[in-house]
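K.L.:
Turn these sequences into a full structure, and let the hints guide you.
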Amino acid sequence: MSTTYLPAGLPAPSSGPDGLAEPYWDGTRQNRLRIQKCQGCGAWQWGPEWCCHRCHSFDMAWEDINGEGVIYSYERPHHPVHDALVGHGPYIVVLVELPRYGNVRMVGNLLGDPQQLVEIGAAVRAVFEPHEGYTLVQWTLAG
Amino acid sequence: MAERTLRGKTAIAGIGETIYYRHGKSPDSEFKLALQAVVKACADAGISPHEVDGFASYGGDRSDAGRLASALGIRELKFSNMFWGGGGGGVCGAVGNAAAAVATGMADCVVAFRSLAQGQYARYGRGAPVASVGGDDAFLAPYGLMSPAQRFAMKVTRFMHDHGIGQNALRAISLACYHHAQNNPNAVMGGRPLDAATYDASRWIIEPFFHLYDCCQENDGAAAVIVVSAERARDLRHKPSYVLACGQGSDHRSAAPVHNMPNYPSSNFGTIAQRMYDMAQLGPADMGIVQCYENFTGGVLMSLVEHGLVPADQANEMLVPENLYVEGGKMPLNTSGGNLAECYMHGLELVIESVRQIRGTAINQVKRNDAAIVIGGPMVTPVSSLILGSEATL
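Residue numbers (the numbering used here), protein chains in the order written: chain A, 161 to 303; chain B, 325 to 718.
No lab work stands behind these hints, which were simulated from the structure alone.
Remember, it's a predicted structure, so these values are computed and weren't measured experimentally.
We treat Cβ as the ideally placed atom computed from N, Cα and C, and that holds for glycine.
Each hint should be verified, as a subset may be incorrect.
Some chain A residues well away from chain B (every beta-carbon gap over 10 Å; in silico) [stated by the list, open to error]: (1) 173; (2) 186; (3) 189; (4) 198; (5) 199; (6) 222; (7) 223; (8) 224; (9) 255; (10) 259; (11) 264; (12) 272; (13) 287.
Far from chain A, by Cβ distances over 10 Å, these chain B residues were calculated [to be verified]: (14) 430; (15) 456; (16) 458; (17) 464; (18) 466; (19) 470; (20) 485; (21) 563; (22) 635; (23) 649; (24) 652; (25) 691.
What the simulated footprint calls covered on chain B by chain A, stretch by stretch (three residues with Cβ under 8 Å from a Cβ of chain A suffice, anywhere in the stretch; the number is not a length) [stated by the list, open to error]: (26) 442 to 454; (27) 522 to 530; (28) 567 to 581.
P.N.:
Following this line, the structure appears as structure tokens:
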């Protein structure tokens, strides 16, 4: 039985070509969830960028966060747009907001029944899904 | 300093379209289609292609301005311009940039165009067959989020949720486009009428709001418009369609990575529409002609709301088919069939339809035809929209 939510064969994440996101992928391989925190003004920032959008400091640290969030939006794709998904059936993508970290948002799959009812506002938590050479962050209903 | 405005300084004097094909069905190469569209637009205007001196396009068009200028024997190229961003976000911006070039004296006769033969290149609606992805895609593609529909669906989900808008509003948009295409001999979906039951029964592309008929086609074809000064346009053979305003750009941090744009459930026109209306010295109530880019019907809904044409809290009541049909509708929408049912010409077919409406030569002619709003591809960034008008609006 597959241990990943989606079948093998989808594109693997790369931190290239500029290495900007390398600390994130280093972290997930160690089951640590990290996002950027500006050392100039304290703003949380996600996705990664070279400077802070608020104060323009280039001193962007990577800090571990706990993976507690709420579902901000979602979709359930049916039509396969990649060969790896042909015949797989629908799956759920969620956009998760992290209220404790400046309401930054992360994208992942909602684990469990792909036909489940999804509620905007539902509490979710991050779980780590190891793949060959990288680890994805996925989301599961909390509680 | 003279008033800084585009209003009334330039006009669209010529329009040209190739035959529109289903994707992969064009017998002609993409570049040949571009040439055909430009030559047709020049003929429509009564201007020799040798007199063209500028090109403006968008969406990373592959038909290079230098090659076009050489192929057409253009005497002197004075303006060549590409609007950043993907899809049809730049369609109105390309026309606006052409108008700005003419209004400021940089060039005299600028073609805004799009050529697209997707059958000869990659399709938009497929994920790239690559082993790894970097940048923003590294946080999206491994989760099965790859196509334009998938990138935008969560914006629509949240917008519908926030405003309590139902699927019927999206269905009405789709039905209106298919309805208008049935009279249009160049519409790819001509002869294929759509009814509500067929829409409802169509397969899900993406739940909860993207049925098959909420999604645009992919097509082969090319289209072009000729922009000249207002003075020159008045001496040419057709009634001029004056460029009254163009708005382009994006909301605050609208390209923030991994879906972190602050104003998420948005077509990205929130900050643009009023700026454009101010330049045109007109408002949404003046727009008798409404052409709104459909990549997906959810984007049309948000675009109409953000341009003040449909208040969000009245969308369920206003977006019903009979309101959008040319026969008696309060707001006839996409009167040639649009991207959904005429051709996915990245919205340039909507600009051309507005010109036909202002001239009074449209197949589905609206009665109130002095002012037209064309809204470009929504949800991408940057985006653009355009207001055109007849002599009476000046």
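K.L.:
Each of the hints needs a verdict: does it hold here or not?
P.N.:
Now for the hints, and whether the structure bears them out:
1. Against chain B, the non-interface label of residue 173 of chain A is violated: not every CB pair exceeds 10 Å, the least being about 4 Å.
2. Against the 10 Å criterion, residue 186 of chain A stays outside the reach of chain B, whose nearest CB is about 13 Å from its own CB.
3. Distance to chain B confirms residue 189 of chain A as a non-interface residue, since its nearest Cβ pair spans about 14 Å, more than 10 Å.
4. Separation of residue 198 of chain A from chain B is adequate, the least Cβ-Cβ distance of about 14 Å exceeding the 10 Å criterion.
5. For residue 199 of chain A, the condition that its CB be more than 10 Å from all CB atoms of chain B holds, with the nearest at approximately 20 Å.
6. Distance check on residue 222 of chain A: its Cβ is at least 15 Å (rounded) from any Cβ of chain B, clearing the 10 Å threshold; non-interface status holds.
7. The claim that residue 223 of chain A is not at the interface with chain B holds, since no C-beta of that chain comes within 10 Å of its own (minimum 17 Å).
8. Non-interface status of residue 224 of chain A relative to chain B is upheld: no Cβ of that chain comes within 10 Å, the nearest being about 18 Å off.
9. Distance check on residue 255 of chain A: its Cβ comes as close as 5 Å (rounded) to a Cβ of chain B, failing to clear the 10 Å threshold; non-interface status is violated.
10. For residue 259 of chain A, the requirement that its beta carbon stay farther than 10 Å from each beta carbon of chain B is met, with the minimum near 14 Å.
11. The Cβ of residue 264 of chain A sits about 6 Å from the closest Cβ of chain B, inside the 10 Å cut-off, so the non-interface label is violated.
12. With a closest Cβ-Cβ approach of about 15 Å to chain B, residue 272 of chain A is found to remain outside the 10 Å limit, as its non-interface label requires.
13. Its beta-carbon lying about 13 Å from the closest one in chain B, residue 287 of chain A satisfies the requirement of being farther than 10 Å from that chain.
14. With 10 Å as the threshold on Cβ separation, the claim that residue 430 of chain B sits away from chain A holds: the shortest Cβ distance comes to roughly 34 Å.
15. Listed as a non-interface residue, residue 456 of chain B fails to keep its Cβ farther than 10 Å from every Cβ of chain A; the least gap is roughly 4 Å.
16. For residue 458 of chain B, the condition that its CB be more than 10 Å from all CB atoms of chain A is violated, with the nearest at approximately 4 Å.
17. The beta carbon of residue 464 of chain B is not kept farther than 10 Å from every beta carbon of chain A, the shortest such distance being approximately 6 Å.
18. Interface exclusion of residue 466 of chain B from chain A breaks down, the closest Cβ pair being 5 Å apart, not more than 10 Å.
19. Here residue 470 of chain B does not stay apart from chain A, with its beta-carbon only about 5 Å from theirs, under the 10 Å limit.
20. With a cut of 10 Å on Cβ distances, residue 485 of chain B falls inside the contact zone with chain A, its closest approach being about 5 Å.
21. The Cβ of residue 563 of chain B sits about 44 Å from the closest Cβ of chain A, beyond the 10 Å cut-off, so the non-interface label holds.
22. With a closest Cβ-Cβ approach of about 22 Å to chain A, residue 635 of chain B is found to remain outside the 10 Å limit, as its non-interface label requires.
23. The beta carbon of residue 649 of chain B sits about 29 Å from the closest Cβ of chain A, which is more than 10 Å, so the claim that it is off the interface holds.
24. With a cut of 10 Å on Cβ distances, residue 652 of chain B stays outside the contact zone with chain A, its closest approach being about 36 Å.
25. For residue 691 of chain B, the condition that its CB be more than 10 Å from all CB atoms of chain A holds, with the nearest at approximately 40 Å.
26. With 6 residues bearing a CB less than 8 Å from a CB of chain A, the segment 442 to 454 of chain B meets the requirement of three and the coverage assertion stands.
27. As drawn, the segment 522 to 530 of chain B meets chain A at 4 residues by the rule of a beta-carbon pair under 8 Å; at three or more, the given contact holds.
28. Counting residues of the segment 567 to 581 of chain B whose beta carbon lies closer than 8 Å to any beta carbon of chain A gives 3, which reaches the threshold of three, so the coverage claim holds.
Comparing the model with each earlier hint shows violations of hints 1, 9, 11, 15, 16, 17, 18, 19 and 20; every other hint is respected.
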